[in-house]
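Student: From just these sequences and the hints, can you work out the full model?
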Amino acid sequence: MLKAYSVAAILLFFLSGNLQLAAASTLVYCSEGSPETFNPQLSTSGTTFDASSRQLYNRLLEFKPGTTEIVPGLALSWEISANGLEYTFQLRQKVRFHSTEYFTPGRNFNADDVLYSFNRQRNTADPWYKVSGGVYKYFNDMEFNSLIRDVIKLDDYRIKFVLNKPDSPFLSNLAMDFASILSKEYADSLMQKGAPEKLDIRPIGTGPFMFIKYEKDAFIRYQAHPGYWRGREALDKLVFAITVDPSVRYARLRTGECQVMAYPLPTDIKSMKKNPAIKVAEQPGLNTAYWSFNLRKPPFDQVRVRQALNYAINRQAILDVIYQGTGKIADSVIPPSIWSWKAPDNVYVYNPDRAKKLLADAGYAEGFEIDIWAMPVQRPYNPNARKMAELIQQDLSKIGIRANIVTYEWGTYLKKSRDGEHQSILLGWTGDNGDPDNFFTPLLSCAAAETGNNRSFWCNKQFDDLISLARIEQDPVKRKKLYRRAEVIFKQQAPWVTIAHAVRYQPYLKSVQGLEIDPFGGIYFSGVNLKGAVE
Amino acid sequence: MPQLLLRRLLLIIPGFLGITALTFFLIRLAPGDPILLLAGEHGVTAERYAELQHQFGFDKPLLIQFADYLWQVLNGNLGTSVVTQTPVLEEFGKLFPATLELAVIAIIFATIIAIPAGVLAAVKRNSFIDHSITVVSLVGYSMPIFWWALLLILLFSVNLGWMPVAGRLNFIYDIDPVTGFMLIDTLIAGDQDAFLDALHHLVLPAIVLATIPLAVITRMTRSSMLEVLKQDYIRTARAKGISEFSVIFKHALRNALIPVITVIGLQTSILMTGAILTETIFSWPGIGKWILEAVYRRDYPVVQGGVLLIAGLVILVNTVVDLLYVVINPVLRQQ
Amino acid sequence: MMKEIRLSESLVTLTPRQEVWYKFRTNRSAMLALIVLLLLIAAAIFAPLIATHGPYEQFTDTLLAPPYPSAESKAGFLLGTDDLGRDMFSRLLYGARYSLFLGLAIVAFSLIGGVMTGAIAGMKRGLTETVILRLMDIMLAIPAILLAIVIVAILGASLVNAALAVSIVLFPHFVRLTRAAVISEMGREYVLASQLDGSKGWRLFFPTILPNISAPLIVQSTLSFSNAILDIAALGFLGLGAQPPVPEWGSLLSSSRELIEVAPWTVTLPGLAILVTVLASNILGDGLRDALDPKVDA
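Protein chains in written order, with the numbering used here: chain A, 1 to 535; chain B, 1 to 335; chain C, 1 to 298.
No lab work stands behind these hints, which were simulated from the structure alone.
Once the Cα atoms are required to be at most 20 Å apart in a straight line, the calculated EDC-like pairs of lysine to aspartate or glutamate come out as:
hint	chain 1	residue 1	chain 2	residue 2
1	B	K230	C	D290
2	A	K270	C	E261
3	B	K230	C	D293
4	A	K216	B	E90
5	C	K74	A	D320
6	A	K270	C	E72
7	A	K130	B	E47
8	B	K94	A	E215
9	A	K213	B	D176
10	A	K237	B	D176
11	A	K237	B	D191
12	A	K237	B	D193
13	A	K328	C	D61
14	A	K213	B	D174
15	A	K416	B	E293
16	A	K216	B	D176
Tutor: Structure, rendered in structure tokens:
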């Protein structure tokens, strides 16, 4: 028996010793979930963009790392016609596509690839349109289908976009993930083989890393793209270790199993900051968390009910408990870090008595029963939706409303709510181009009520006209005024309870260098390197 | 005896048939139209719906549908995952080695500890050691293993930092899945660090998964041993002056082990139950986690196929154990 | 020596029931387990009287207060609070209601269903018996939690559905047990006598056979009770049972899993509650078996 013990003790000692990390230039990132696809055109989810567009692809225009400033990407330069309707891009030459086990490119990037990438999403007659479901949510939510009249190839390295109306956020929008450039040559070869959907599973791009292997719910492996046009990356290999549980992500960071982690829990931030090996970068997030009411379902068709719920929720308590005091109470659709933001005049202040009175006026003195959908996952704007729902449930019970908390697996959650199956839903949004329009149009326009991204299905003509006008307007001062008028209507109609703007935290080991915290909530590993990890 | 074996083997057939029927009809009870589920994001037109209904055979009577399904299953076609579009059998094949590896390590671990502990408790009957072993095995038997796993993580990973919290292997190692068994694959790759890392990752999940079998086997060994020690031939052996060690290990244990081996074999079902919880907590990429996630995602073909495969496996193992029992049991062998 | 003599003396005068009680009472651990369980049941019944706070009451200024004794403990929160500032003691107490009463309900449900089905199989024999037995074999071939998960997946995740699923899972054990017991009793004289009197079917089963096969059923019920509690907790933990904010022990564990580092008590306490309850009912089950079954001595 004693012998067995000592053997076990030796074994334990042996096993518990810190294992040396082998390959020095492999970076492991503990990510929060599995991507739905590797084609950013097909998704609106940040998880998918992190795994695809942000490592594998380039866009015509890109954001300068860590900022909302636009810099040339695959486009070298551009010209805008005087009427604001024509954009002509000069394309970069000698840009190489990934050469992998499953595809060897025969030519460099050119205008055909741009044409292909946009036509797949806008041209319903294009054979590619229907592949993998044929739903281009982002493209439609940004109203690109009605905005772009035509995309014309002038020659191999010049391409022209013709718009139906002037559009001030157009250039910023081209820097967004769904506007990533895919390889037409690869697409053609797959179409020939009769396996077009492979394009969205085994991606080929021009970006800093190339795709190696993906196992759902386990990992994604990438390798540096040796022919990257901005120069080969310092990292040889990049691994996304898919780790859904945030406390497990933190544990993995601490044991050095990963060097960078996604979305930390607010409750863990304090202990992370105390850890000498970990750096926690932070930045006011470009996000808004909200509770949206489905206006297609009673009693939310009644404006007084919606206003009542706005008065009923103690958002300060939510901020204290869920966000651990970090972040800000949201009184506006857009976060303060967007240029057009100004403290609104009409805000809802916690007032259960007033809520009760409004409910009584609406004929619901006895209260009612509702479902609150709460996301199963942590998002940059909401660290714990289920707990948030429990707080809301408690507030509602004080005004006689019984709330049931409902949740689904993340993909199902998004889909079902897009189809309008919910009564009310907790969700949020992270801006992806820094323009105010990027909040108003995809979330609250009538067009978005069609696609379902407007989870309230709130379509207010007056509001919609204002945000459309603001979109065409080129003068920032006038734009700002238009958005303010829109916000007043939004507040009065109350399709949402705006909850909070979260601070964004990015914890990583101090051995990681060159990692810029992305204001849009994503992560880019281009330009990152590891030091001191050598044996 | 051959007749007995044959009868036992033949019993597998109604078992498989029944499992297939059960999973088939259970899933048919699930809410939601399978065509709409398969169509995914944007639904289908009425024409396309009818077409699909015909294509999947949903317009046929339920019994015919079942016969079709059975035929498919017999041909090795268990359907395709709605989420990943991969055949269910292929996904199972890819993930099963991870579960098997964990389960095998766990059961070996449990057996190595449980048999000596059970013997010790029986030999020192009613002593302090016996009582301690009995209490510990009762606690183990009553353990909510999902909580046990969290406690171990709290102690060994969070506080002491000795053990990894999740996964099978540190992600810096990229090992080709030749056999699917990480311990073997790392050796094939000749990567000693990776091998140790894989072993390291196995420790906590294996302890958790072994907990209940450990308790069950200990209890079984103890009572079986007590039973045997009362037998006449043991008394005879002792009377002959054979050393106590020899009596216990050569004579008693050999006979006491027969029911114990059966019990070990019958742990498959318990191990599968444990695997669902253990794999979920430790993010172990095996079939337990796979099937649970399929439930969350409403991926019914995976749920249906997965349950069928797991239940089939349990039936198979139980049959093998039964047969083994017949083979090794001298009483039955003579019949 | 003294004890044994007294035992045999008393046996002369004791009814069988008293004898069982006598044997059981001498088993100290089983008695302790019984007391613990009775205390737990009492705590569950009188939860509103004992609890210091409401189970859903949120004190947003006392988040994650540790249990006593600790420097950071907050007055009035004996076992600390969770991340929404709810009193752990009160939540655990109300949680006992879910675990214990659901456990009882589940056992009652599968006991009644299982005994009736098993009786039919045991008395009818023939094809009915074979079909029932095969069906039970099939259900037993699917690992318990997996079968429960699939049933919940089909019915939808809720506490009631989880309870239903668990009782379906436990059901075959009762069927097989009852069938075997009925068959062994069928040939007995008292049964034959009753049959000669013209009793058959349920008239024969309930008054005549059932009382004589109750011993193994009682033992099985106690063991099923502990399984039911474990399975309900596991389903709650997996998010397929009780939904938050219901303080069922398994779902308490599941929602505080991520707090394991900052507030370990929110994880350790609900698990401990489950363990104690399950352990007590297992010990009670063992004790009952020893008391009821003269053959077993261990």
